[in-house]
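Construct all of the structure, not just a fragment, from the sequences and the given hints.
Letter by letter, the chains look like this.
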Amino acid sequence: MSANKEPEKTKARPSLAKMLGGSAFQSLLVPILAVFTGLVIGGIVIAVTDKGVAAAFGNFSADPGGVFKAAWSAVATAYGALFYGSLGSPREIIEGIRIYQSTGDNAAFLKAIYPFTESLVTATPYIFAGLAVAIGFRCGLFNIGAEGQFFIGALGAAYVGYSIEGLPWFIHLPLAILGGGVAGAIWGAIPGYLKAKFGAHEVVNTIMMNWIAFRLSDWLLTGPMMSSGFRPVTPNIQKAAELPRFFSEPLRFNWGFVLALVMAYLVYWFLFKTTLGFEIRSVGANPDGSKYAGMSVVRNFVLVMVLSGGLAGLAGAAQVLGVDHWVGQGFSAGYGFDAIALALLGKSHPLGVVLAAIVFGILRSGATRMQSMAGIPIDIISIIQGLVVIFVAAPIIIRWLFRIPGETSDQTVLTRGWGK
Amino acid sequence: MPPVLELREISKAFPGVLANDHVNVDLQEGEIHCLLGENGAGKTTLMNILYGLYKPDSGEIIVRGEKADIHGPNDAIARGIGMVHQHFMLVPVMTVTENVMLGVEEKRNGVFLDRAKVAKRIREISQLYGLEVDPDAYIKDLPVGTQQRVEIIKVLYRQADILILDEPTAVLTPQEVEGLFKVLRSLVEKGKSLIFITHKLKEVMNLADRITVLRNGRTVGTVIPGDVNPEKLASMMVGRDVNLVVQKKVAKPTDTALEVKELFVEDERNQMAVNGVSFEVKIGEVLGIAGVQGNGQTELVYALTGLLPVTQGKISILGEPLKRTTPRHILERGVAHIPEDRQRHGLILSFPIHDNLVLCTYYKPPFARGINLQQKKIISNAETLIDQFDVRTPSIYIPVSSLSGGNQQKVIVAREFSRPIKLLIASQPTRGLDVGSIEYIHSRIIEKRDEGTAVLLVSSELDEILALSDRIAVMYRGQIIDIVPAAQASKEYIGLLMAGIHPDEAAKAAPVSSGEEVERVF
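Taken in order, these protein sequences are the chains called H and F.
Just so you know, we're using our numbering here: the first sequence kicks off at 1 and counts up by one.
Just so you know, we're using our numbering here: the second sequence kicks off at 1 and counts up by one.
Just so you know, these hints were derived from the structure itself, not from any lab.
The structure presented is a predicted model; accordingly, all values stated were derived computationally and were not measured.
Among these hints, one or two may not hold up.
[Claimed, not checked] With a straight-line cut-off of 27 Å between C-alpha atoms, the simulated DSS-like cross-links for lysine-lysine are:
hint: 1; chain 1: F; residue 1: Lys364; chain 2: F; residue 2: Lys323
hint: 2; chain 1: H; residue 1: Lys273; chain 2: F; residue 2: Lys377
hint: 3; chain 1: F; residue 1: Lys491; chain 2: F; residue 2: Lys202
hint: 4; chain 1: F; residue 1: Lys232; chain 2: F; residue 2: Lys248
hint: 5; chain 1: F; residue 1: Lys202; chain 2: F; residue 2: Lys117
hint: 6; chain 1: F; residue 1: Lys364; chain 2: H; residue 2: Lys273
hint: 7; chain 1: F; residue 1: Lys491; chain 2: F; residue 2: Lys232
hint: 8; chain 1: F; residue 1: Lys422; chain 2: F; residue 2: Lys248
hint: 9; chain 1: F; residue 1: Lys107; chain 2: F; residue 2: Lys117
hint: 10; chain 1: F; residue 1: Lys448; chain 2: F; residue 2: Lys377
hint: 11; chain 1: H; residue 1: Lys273; chain 2: F; residue 2: Lys376
hint: 12; chain 1: F; residue 1: Lys323; chain 2: H; residue 2: Lys197
Here it is as structure tokens:
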């Protein structure tokens, strides 16, 4: 019933959406506010768990203001470190440019942009994996297997990368990327085929495929694909298979990011400008209607799982070929699972996925800094990410919180049958 | 005498829509008051307010002279207001008694259900109002008409004396409708007061003591049937003159477009739903399939359009037997399908109008070149069709879900009629539509017939079948039990066939031919 009373409340307070206006902005509004709200609540968690705040609270009767001061300083330190660690400091960047212009020495500039480029490095596999999950969502499929497809893709790319020698880079690199994509595509195709042929639910099967991928990789890394030495890792890939970096060490920013952006555009084109994408979106929105229109629902399921797995495989490839150059245990590191969250945050739109991936990249790469500088555990980022997902998945919370009228405030149909 | 129920100056706004704008309705004791209006006229909202599901922005509800605050169905029931929903709220695996007592269980010794006591009360109610029903029967074994009686008994059992009935005749055969009307009349004789919601003008004329017409959320007026005719009521509903008679010339059938031989089809639960059906439809004629809902018509259409597999039998289109029964294979042979469930099959609701208009042709030139969609062609196609088929929309770019039912149906009709077709399969083409849209879609179907298309029309509205068909097939329990020429078919005879009476016996009970041309009046 509260949803019913909601429209009356909105009258009393001017809505934030109305004040800001703009319809293109409207679709971004909920995700942006979701991130913002996630950060605010994350801040509360930081304040509540901070030792300084707890100490000040013990002294509450003597100095009530001290609690808020302590809380503020805890949150400010944490988020300050988070954003310094992920975006860098504008002052240092300007300083770096000045030094470069006057002396030609770019060391200070590179040092200043290092945090931001690291965020983009983290965002790169996120973009690929986010696209993978998003294309699945568009077809009504929930690909939870991006994590496993990522891992298998990384192994495929690594294998092509290290096992072949003597190829020029313009052959070897595309081949290695392809290796990652194909390996991931195969991993995605299996649950896709099972769904099409036997109606087996893709959620269950992609989860299973994750576990198979993890155990398979354990075996590969300690057996057939293990490098000489004692660590369970693959050999380093050939120089010719590496994604070139833009700057010298330690900056790891590489062409993978550009490839990710190109891929996002390709996915956009595929989904919205081609007949195949039309079918995929149609099947996702209404499988019965699509069947009526003569589309093959199961064929689209397989196609999308292949594409989704391929994109997740590319995420793994980009990580190996651009950043690490070898694969070790636990390589997928949650990228595939986070991708589900960021596909939701990006509303399964390629542009949204890119933006969401950058946000996640910033959070994840800044978290390390936050841990070392402010002593805030890295897990706080998981809390924030979790909150963001909840708010995006249940936009009614955000709409209620910020008094945004929207699609969801349509009249709730409580009885059926009274006309339409 | 003061009215037993009064809705005074009710207003309710939803974002962007004024659903009720100072609506006034009053119900006298012992009258049948019909609420008439197109979809979206505000009947839904008004009744939901009365039943406590919405809170009105302004206005008041007065029950027996007392201002009533109704916050939910329980409040409504406590004040003697009961609702009979269009979609029955019954538990099929329970008996009539158990369904009636559900929520207000009678108990013996505080623990055990006292079925006998409730059954006795049901028998009393049955007798009093002529609502024959066996309290011990299971709902799933009862015909639809009897299930509806159970719904009414449920309301009476809760001692309602103001009954709201929502489109109660939609699921009934003509004979069952007569039975229902008899019951309703006996209810008002015994002092009950009824609000009856319908879009069928004939029923209103037949049944109502007074009629209130709603349009665009406003009361157009309250009239008594003696003062108006169906044409007048229709124009009150729509706001303009409406032609209630379908104008059509005598059919000139030529070649056979569709031939069905001994067709068997299983439904989604693997029950045999179509049991050896044979018929043919010729170019230039309309074959209407009459029948109460759920007698295999749906599955027949699904099989013909590839949505359900054929278990056994033969389908030929334009003399060629169908080899593969996939929807695309069939529609590429020149078959158009207006599906029964337009939101499930006919449209991708979240897609914009322009994409829905190419849903069956998006992969072919001019809408695609290779795999590239030709956006400009799709847009110009939409602009032409919107114009040509009079789809009322502010833009072709908005999701088709935001259109009214009538306009959604026009989008489907526009799409199906805009490609070259030889056979049109139209299933419940006007279900839930307002008079204006019905008039429009009927005239388009006849136009298509005259252009040289074979039309297979499936409808549970007998009036619609009679108005459009050249021949009528009656379907009962998965079989076609008779096919008669439509021009002079009598409604009584077809009604009996729909109820499963054998043609020979039906012919004894009612004349096969009415001896006159049938005119369509809603």
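Hint check:
A threshold of 27 Å between alpha carbons decides the hint, and for Lys364(F) with Lys323(F) the separation of about 22 Å falls inside it, so the pair holds. The hinted pair formed by Lys273(H) and Lys377(F) meets the criterion: a straight-line CA distance of about 13 Å does not exceed 27 Å. For the hint linking Lys491(F) to Lys202(F), the alpha-carbon distance of about 14 Å falls within 27 Å, and the restraint holds. Between Lys232(F) and Lys248(F) the alpha-carbon distance is near 22 Å, which keeps this suggested pair within the 27 Å criterion.
The suggested pairing of Lys202(F) with Lys117(F) is violated, with an alpha-carbon distance near 40 Å, which exceeds 27 Å. Our distance criterion of 27 Å between C-alpha atoms is met by Lys364(F) and Lys273(H), whose separation comes to about 14 Å. Taken as a hint, the Lys491(F) and Lys232(F) pair is honoured in the structure, with Cα atoms around 24 Å apart against an allowance of 27 Å. With a C-alpha separation of about 19 Å, the suggested pairing of Lys422(F) with Lys248(F) holds against the 27 Å cut-off.
At most 27 Å may separate the alpha-carbon atoms for a hinted pair to count; Lys107(F) and Lys117(F) meet this at roughly 9 Å. Of the supplied pair hints, the one linking Lys448(F) and Lys377(F) holds, its CA atoms being roughly 25 Å apart against a limit of 27 Å. Using a Cα cut-off of 27 Å, the hinted pair Lys273(H) and Lys376(F) holds, with the two alpha carbons roughly 11 Å apart. This hinted pair checks out: Lys323(F) and Lys197(H) have alpha carbons roughly 22 Å apart, not beyond 27 Å.
The structure does not agree with numbered hint 5 stated previously, though it agrees with all others.
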